[in-house]
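A.B. asks: Dock chain H against chain W, hints included.
The listed protein sequences correspond, in order, to chains W and H. Residue numbering for the first sequence follows my numbering, beginning at 1 and increasing consecutively. Residue numbering for the second sequence follows my numbering, beginning at 1 and increasing consecutively.
Because the hints were derived from the structure by calculation, they are not lab data. Where is the CB? At the ideal position from N, CA and C, for every residue including glycine. One thing to keep in mind: the hints can contain errors.
Here are the computed lysine to any residue pairs in the SDA-like style, where the Cα-Cα straight-line distance is at most 20 Å [to be verified]:
hint	chain 1	residue 1	chain 2	residue 2
1	W	K105	H	N165
2	H	K68	W	F62
3	W	K269	H	P146
4	H	K269	W	E257
5	H	K143	W	K105
6	H	K57	W	F52
7	H	K269	W	M258
8	H	K192	W	K145
9	W	K269	H	M258
10	W	K68	H	E45
11	H	K143	W	D54
12	H	K269	W	K145
13	H	K68	W	D54
14	W	K192	H	I309
15	H	K145	H	M211
16	W	K269	H	K269
17	H	K105	W	N165
18	H	K26	W	N194
19	W	K145	H	G74
20	H	K269	W	Q263
21	H	K68	W	E47
22	W	K269	H	D154
So, partial list: chain W residues that the calculated Cβ filter (under 10 Å) puts toward chain H [to be verified]:
hint	residue
23	A118
24	F120
25	K143
26	E158
27	G262
28	L268
29	K269
30	I300
31	L303
32	Q313
Listed below are the residues making up each chain.
2 protein chains.
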Amino acid sequence: MLDCAIIGGGPAGLTAGLYTSRGGLKNVSLFEMGVPGGQITKSSEIENYPGFFDSTKTGLEFMDTWQKQCFAFGLKHEMKKVDSVKKIGNHFVVILEGGETIEAKTVIVSTGAVPRRAGFKGEDEFYGRGVSTCATCDGFFYKDKPVTVLGGGDTALEEAFFLSNICSDVYVVHRRDEFRAAPPTLERAIRKENIHFITDSIIEEAVGDAMGLTGVDIRNLKTDEIRHMDNTGLFVFVGQDVKNDVLKDENENFICEMSDLGQVVVNLKMHTSIEGLFVAGDLRIDAPKQVVSAAGDGAIAALQVISYIQEQQ
Amino acid sequence: MLDCAIIGGGPAGLTAGLYTSRGGLKNVSLFEMGVPGGQITKSSEIENYPGFFDSTKTGLEFMDTWQKQCFAFGLKHEMKKVDSVKKIGNHFVVILEGGETIEAKTVIVSTGAVPRRAGFKGEDEFYGRGVSTCATCDGFFYKDKPVTVLGGGDTALEEAFFLSNICSDVYVVHRRDEFRAAPPTLERAIRKENIHFITDSIIEEAVGDAMGLTGVDIRNLKTDEIRHMDNTGLFVFVGQDVKNDVLKDENENFICEMSDLGQVVVNLKMHTSIEGLFVAGDLRIDAPKQVVSAAGDGAIAALQVISYIQEQQ
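Chain W with its partners taken away, still in its complex shape (with noise of 0.2 Å):
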């Protein structure tokens, strides 16, 4: 029987897999397919990582310390997809994809949220050179330049309100003439001088070369109409996926307790509503999605599990 299952590798697992294996357990596993290092990877800097400042480097150069450090303590990696987990008695069952079943003695779920994808051409392609969705983590290298926002619900607005302090200008896209937004955010945004709307349209197309993003080619929904704009960063924010399946039973509900938007409820310390399930990163409430406070998490849901496991000897 495991001591604990990590079930996924970003910031948040990876920490929480160095905390538990540092901290004494023997036999803790994180289940990631492929390399872990997370969304992060596909950034082409960082600068509001800690102890991290070299322009030079890439996200997934970033990650690379992290691998050999949190793997240095005996952590194991299984590169195997978790289906679901499950509280049976005073363990828990880590079902994988195919059916096979791993006992633990406690779990951290850490499988955090992706931002959705708008569909875009050249989306893909410029990812983390110059299309973003992450104004806190991007916006300051954008300063006094003007960027294009996609979107027209609260996080769009708040995050162009955001990027407006930064940048000279920024261009809210959004494909009706009315926002989702609540009122106030909206009226904020409204006021400011340098926030400006193209309603009724898409982003028809990120536009760059080898260096990254140089301008959107933006399309009037009613008219058809493209307009080019020269703009070397494009935020993206249409919604998000929060990666919530592995808590979901056979009858699709979930386990533990869960917030409106699918988010796993904690307190301070990563607990979840149930005893030895831990929680770390993007997946819980109020995640400013941020690697140094998913890290954070990580730390504090590995020393949980070590308290958890005290208790019970």
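C.D. replies: Just chain H now, with coordinates in the frame of chain W:
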């Protein structure tokens, strides 16, 4: 008026400074006497901060990059001691030692908590070089080696248990023969084969050489006999002082909700019971006392400050 006053320059405060200034706030000051960095600067080696894995570097060198990075986006360092913080109407007044006052729209308090010193000879000399106050941080450096733990409370015995899963033997030195720790915690420790109790005793002296600690002299308070043990790790758990003074008003009452232990009550967003006042790091309830978690808190508090200021516009 400052957009944000950050009080305390450890990992939480520095990260809050990075995120607020890089997030577009123009006028943010970090109040810290001396060089920012926090307790970690006193460590000789760090291996549990994800992304930093270089055993040749000290805590001071580890914090070097943080200094450059966190001040690179406009954060100002004020080498001034803050006496207290007061909310007046919709803003805050930061009162400095000597009486000078500074106005701020928001405040992040990240003054931390410091482990108490026991007061034996050699304690300061070998702090960070054999003498530690954090089993999670430093236990692994003594893998399969014997260590000494000083203290008889819950924390001491929990940390002794933590160490017993990593180290060969754990010698718990306690000045009485009764323990303040909760009975189940004590019983668990007694049951553990490699935890040994040395009661009615104190650490007389931590001894060592230029490389660090080499052993401890333990005095039995009843017989006055001194026993020397060769031992390269000594963990001291005799309480901690939460640095919450700046949150006291002129009548010594706290301005926000506190726990019985003198820690600030926060939610997952690092909100205190006072709007516009945020806390990050070891000063808060349930703090795991890890650099990465304190930094995670700092990022969260900073993002909440930015939202709070946006909402008021």
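A.B. asks: In ascending order, which of the hints set out earlier in this document are inconsistent with the structure?
C.D. replies: Numbers 3, 5, 8, 11, 12, 23, 24 and 27, in rising order.
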